[in-house]
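Residues per chain, in single letters:
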Amino acid sequence: MKHLIMLVCAAAIAQDAEKDVPGKAQAEIARRGAMVERVGGIQDAGDPAAAISAAMQPPADDSHKWHFTLVTMRNCQWCAKLRADFENDPKLKAWVDTKDYTKSWAHWQVVQIEDQSQAWRWKDFKPTQFPTLIVQPPVNGSWGDPHTIVFVRQGYMPPADLDAAIRKAIQLYAVKVFPRHLAWASKQGKTEMADAGFRSGGAEQSGGWTPPVTPPSPLPPLPNVPPQTYPPTADPSSPAGLTIPLSLPSLTTILLLLTAASNVWMLYRDLARQSGVRLLIDDQTADRIRRLIQTLAGQSPGPGGDSARPPAS
Amino acid sequence: MIRPAVLAACLLVLPLPALTGPLSGRCQAEHAAYMELPAEYRAWFRNPDGSCVQCSNGMVGMHINRPEWTFLLWNTEYGPAERGGSWPGRVADYARQRGMRIFNVTGNSYADTRPWMLWAAQTNRFCAIGAGAAHFQTLYGYVPGDARPWKVCNNNSTHRIDEYTEDEFRRLHLASGPWVVVPDEPTPAPPPRLVAWWQ
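These protein sequence lines are chains A and B, in that order.
All you need for the numbering used here is the position in the first sequence, starting with 1, plus 342.
Going by the numbering used here, the residue at position 172 of the second sequence is 171; the numbering climbs one at a time, nothing skipped.
These are computed hints drawn from the structure, not numbers from a lab.
Predicted model, so just to flag it, every value in this text is computed and none were measured.
Where a beta carbon is used, it is the ideal one built from N, C-alpha and C, also for glycine.
Careful, some of the hints might be misleading.
Under 10 Å between C-beta atoms, here's a sample of chain B residues computed to sit facing chain A [to be verified]: (1) W43; (2) N46; (3) T69; (4) G83; (5) G84; (6) W86; (7) R89; (8) S175; (9) P177.
Could you build all of it, start to finish, from the sequences and the hints given here?
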């Protein structure tokens, strides 16, 4: 009996020793000494050169880079197309290197709108059409509050137009905040911290083996998207960069409005007929127009259309 | 004196790379930086069973938008649940299996790991750090000039953020051994906000 108790105790101690940062971890830290092991994901498995055994300085500070965030949704062909554009189009590649952040002018993130582990990001601004591209200033505060949306485009835009729109928005923004940029440059390191992010409360909920939410599926590899002709913008004279204040309703919205208007029109015709008012268009033609509008509304195209609907949660 | 219109015109013809500025050295510009995870999200990573290293890394993953990191504690398509105690070799193994890009940094002293923690905070990546005896926590914020500049989220009390002076933080870190796990991933943007800057 005594031996059994001792065995149970020993097992419990051994189990405790394997928790958190056990003694063997501290021994391993001591053995490793000053060492930086760069684990580059799946690609470096079995590659001895990937482990850099010499003491290493941290990489260069990249907090001065701007941020490009692409918000996508599942089964959205225009989202895949824009992702592919950023990988392949020379104009867009000049903004972001999607493969190597060290070579990229801006930081690049793709967020899936269905990913509930990222839902907290959308507390102030939640995209409603996809793909959505958001451009924000650097986190070091050199160009103002990094939360600020400098440019947002909801819906697909061809690379050349998007490139021009991004450039125009950043330039206009830079002009606007240039005095603040000069002030920042003259007194770095004295930024006051806001209290955001230090809220307390909330339920404690880890422990089980099932995650709190279903993780997003890994982004699928980009398909070979055949060249597609995107419908031209409704108003070519409007500056494409400032989609924040100047955005037009999507095609779907216009068609839905037309459908509603046609229903009201049919109602008016009924009332007019009952009151003996002469109608300008005969019933057959009117019905044909109404059906045409409904057919169009039922087949609205990808960007800003069916694929742009927010997900059912 | 330069007139605003002239200044604006000059800026418009500036090549865009100039907007990144000349201050792209190694953490020369110290600025306040902190994660913005609401408490109910931090609570996902409350230490259930002595998995403090994975809890700390998971919280970093949520911040940097990397599900391979975020869902470390659970069985998902990114890999099996990683539970229990961890050491640098184990972290390197599961990072490889899951496709997590990391700097697995160990040192002989605080001087070896401090620059990495500072880099991680200043670039808005943040990191999982040794903090407390046989324990790992998440570096949550760094505010230069603050009396307690180091902000840390303990996975045993995720509802609050603990603040430390430089000396307190050094002792806290060394109590577990100079080891930090830093993302080798692009920085996430802070939650976007519509501000009428064009007005």
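Of the numbered hints stated previously, which ones are contradicted by the structure, given in increasing order?
-> Hints that this structure does not satisfy do not exist here, as all of them hold.
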